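Enquirer: Residue-level listing of the chains:
2 protein chains.
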Amino acid sequence: MNQDNTLHTTLTPEAANCRALIRRGAHTGPTAGLAPGYVQANLMILPKDLANEFLLFCQRNPKPCPLLSVAEPGQYAMPALGQDIDLRQDVPKYRVWHHGELASEPKDLMDIWRDDLVSFAIGCSFSFEEALLANSIDIRHISQGRNVPMYRTNIPTANTSKLHGPLVVSMRPMKAHDAIRAVQVTSRFPAVHGAPIHLGDPALIGIQDINQPDYGDPVDIHEGEIPVFWACGVTPQSIIHTVKPAFSITHAPGHMLITDISNASLASF
Amino acid sequence: MNQDNTLHTTLTPEAANCRALIRRGAHTGPTAGLAPGYVQANLMILPKDLANEFLLFCQRNPKPCPLLSVAEPGQYAMPALGQDIDLRQDVPKYRVWHHGELASEPKDLMDIWRDDLVSFAIGCSFSFEEALLANSIDIRHISQGRNVPMYRTNIPTANTSKLHGPLVVSMRPMKAHDAIRAVQVTSRFPAVHGAPIHLGDPALIGIQDINQPDYGDPVDIHEGEIPVFWACGVTPQSIIHTVKPAFSITHAPGHMLITDISNASLASF
Numbered sequence: 068m069n070q071d072n073t074l075h076t077t078l079t080p081e082a083a084n085c086r087a088l089i090r091r092g093a094h095t096g097p098t099a100g101l102a103p104g105y106v107q108a109n110l111m112i113l114p115k116d117l118a119n120e121f122l123l124f125c126q127r128n129p130k131p132c133p134l135l136s137v138a139e140p141g142q143y144a145m146p147a148l149g150q151d152i153d154l155r156q157d158v159p160k161y162r163v164w165h166h167g168e169l170a171s172e173p174k175d176l177m178d179i180w181r182d183d184l185v186s187f188a189i190g191c192s193f194s195f196e197e198a199l200l201a202n203s204i205d206i207r208h209i210s211q212g213r214n215v216p217m218y219r220t221n222i223p224t225a226n227t228s229k230l231h232g233p234l235v236v237s238m239r240p241m242k243a244h245d246a247i248r249a250v251q252v253t254s255r256f257p258a259v260h261g262a263p264i265h266l267g268d269p270a271l272i273g274i275q276d277i278n279q280p281d282y283g284d285p286v287d288i289h290e291g292e293i294p295v296f297w298a299c300g301v302t303p304q305s306i307i308h309t310v311k312p313a314f315s316i317t318h319a320p321g322h323m324l325i326t327d328i329s330n331a332s333l334a335s336f
Numbered sequence: 068m069n070q071d072n073t074l075h076t077t078l079t080p081e082a083a084n085c086r087a088l089i090r091r092g093a094h095t096g097p098t099a100g101l102a103p104g105y106v107q108a109n110l111m112i113l114p115k116d117l118a119n120e121f122l123l124f125c126q127r128n129p130k131p132c133p134l135l136s137v138a139e140p141g142q143y144a145m146p147a148l149g150q151d152i153d154l155r156q157d158v159p160k161y162r163v164w165h166h167g168e169l170a171s172e173p174k175d176l177m178d179i180w181r182d183d184l185v186s187f188a189i190g191c192s193f194s195f196e197e198a199l200l201a202n203s204i205d206i207r208h209i210s211q212g213r214n215v216p217m218y219r220t221n222i223p224t225a226n227t228s229k230l231h232g233p234l235v236v237s238m239r240p241m242k243a244h245d246a247i248r249a250v251q252v253t254s255r256f257p258a259v260h261g262a263p264i265h266l267g268d269p270a271l272i273g274i275q276d277i278n279q280p281d282y283g284d285p286v287d288i289h290e291g292e293i294p295v296f297w298a299c300g301v302t303p304q305s306i307i308h309t310v311k312p313a314f315s316i317t318h319a320p321g322h323m324l325i326t327d328i329s330n331a332s333l334a335s336f
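Just so you know, the protein sequences line up as chains A and B, in that order. For the first sequence, my numbering puts the final residue at 336, and the numbers step up evenly by one. For the second sequence, my numbering puts the final residue at 336, and the numbers step up evenly by one.
Fair warning: there could be bad hints in the mix.
Capping the alpha-carbon separation at 30 Å, the derived lysine-lysine pairs in DSBU-like fashion look like this [said to hold, decoys possible]:
| id | chain 1 | residue 1 | chain 2 | residue 2 |
| --- | --- | --- | --- | --- |
| 1 | B | K115 | B | K311 |
| 2 | B | K242 | A | K130 |
| 3 | B | K130 | A | K242 |
Some residues of chain A that are not near chain B, with every Cβ distance over 12 Å (derived) [stated by the list, open to error]:
| id | residue |
| --- | --- |
| 4 | G212 |
| 5 | S254 |
| 6 | E292 |
| 7 | F314 |
Note that these hints are calculated values from the structure, not bench results. Only a predicted model underlies this, so the values are computations on that prediction, with no experimental measurement involved. Each residue gets a CB set at the ideal place from its N, CA and C atoms; glycine is no exception.
Produce the complete structure using the sequences and hints provided.
Expert: So, in structure tokens, the structure goes:
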């Protein structure tokens, strides 16, 4: 839920101002709705020895892992996405993983940053939600003030020698004619997951209970609506869960890196 | 069913040759699969006094009635769609309607043609089926050798002062990921109905029994598939059924006008 996300009224829409507030600890909640118009990114941070493997994984899985930028080892700036970005402290909440287990959820990485860490910024579906809203499509988790529901599926990712695990999807319920429009709208945004990967019966992709997401919050599904599923940038977290690398860092689901890139600039046409 | 559609082996792919065979009565069946790559059209022929009204109806209902060409009163050529077209005899089977009732199904209109008749050629979903097949999507009515199933819905068309009635849809069952791809593919073809208007539960658009189409033939729906519905150029026939104009002529469902226009030329991008 969005309890501590109380900054909507005081924030200016600029991405840099949002990052500054997050950096000084004034915003620690989910970032949905912050800096409208600007790309938000999933974050994956790995030691150098696993980074090339993950780069290959992203190449083989562009729908869940569309890469926006990859930093050099030890680099915590990411100038391609914003002049002043500091990846150690510009995300409201991080997750530190030891051998696949969640070890801590720090608000910054200043104490644990290492020179061998390689950071990956991955596109996020928040970018296409703006375009869906512009088409008068209700985004349920936004209208309900919740984090988007996400599910581990039975769809395998395209593995590499070391990395494998199930695809994670985000879900938005809508009427069929909105789902059709949503396919059109999101097809224009391949850099932020693109078109849905499934719609309709959740069981067909291995989701047993649509009301119990593996990440995020459940949302209401109204009569006559169908669930629509997009590949999700939380997929790397399910890979960590499966592969259990010794050390890794991600953002906490829904707590994204806000960039200076406009959502519009990611549209393919 | 396609019993009398026995010309696949002897026909050359050229549209003009197909029309010549149809004109001399050598092909009287449905035209699905004939002249691959060429646009097939729905036909609506009305007396001049109702023609302007129908033109307005098409403008207000572009998804079921995307106009490819409109002839002058009495004109039975349609050079915009093919040099040698004769609208009185180039369709394998016509339907003549008196006060909304089917009066006859002649193989040509030579005896009943009138100088006040205005002909409308309307885009047909056969044009986008080629693009779906190119994406390895099974088109069930083609693989089963049947006419596409069509249904009257509870979706009203945008009426004019004299014309109103329910939207007719064609249906193709497919897996969800093919349905998503089909939305993308058919969105490129607004001149031949474009994106689907519904998918999933048929009851939501007033279809009580998916196995009993109002036009065409039923097709098998496999486990895990959803029905996908497109606005259909047979909609004018449902308007006739509703409004009961004194006199009108259409093609028989599935028995289309084959044109010299390439399907590819109708793609919007």
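Enquirer: Against which earlier hints does the structure fall short, listed by number upward?
Expert: 5, 6
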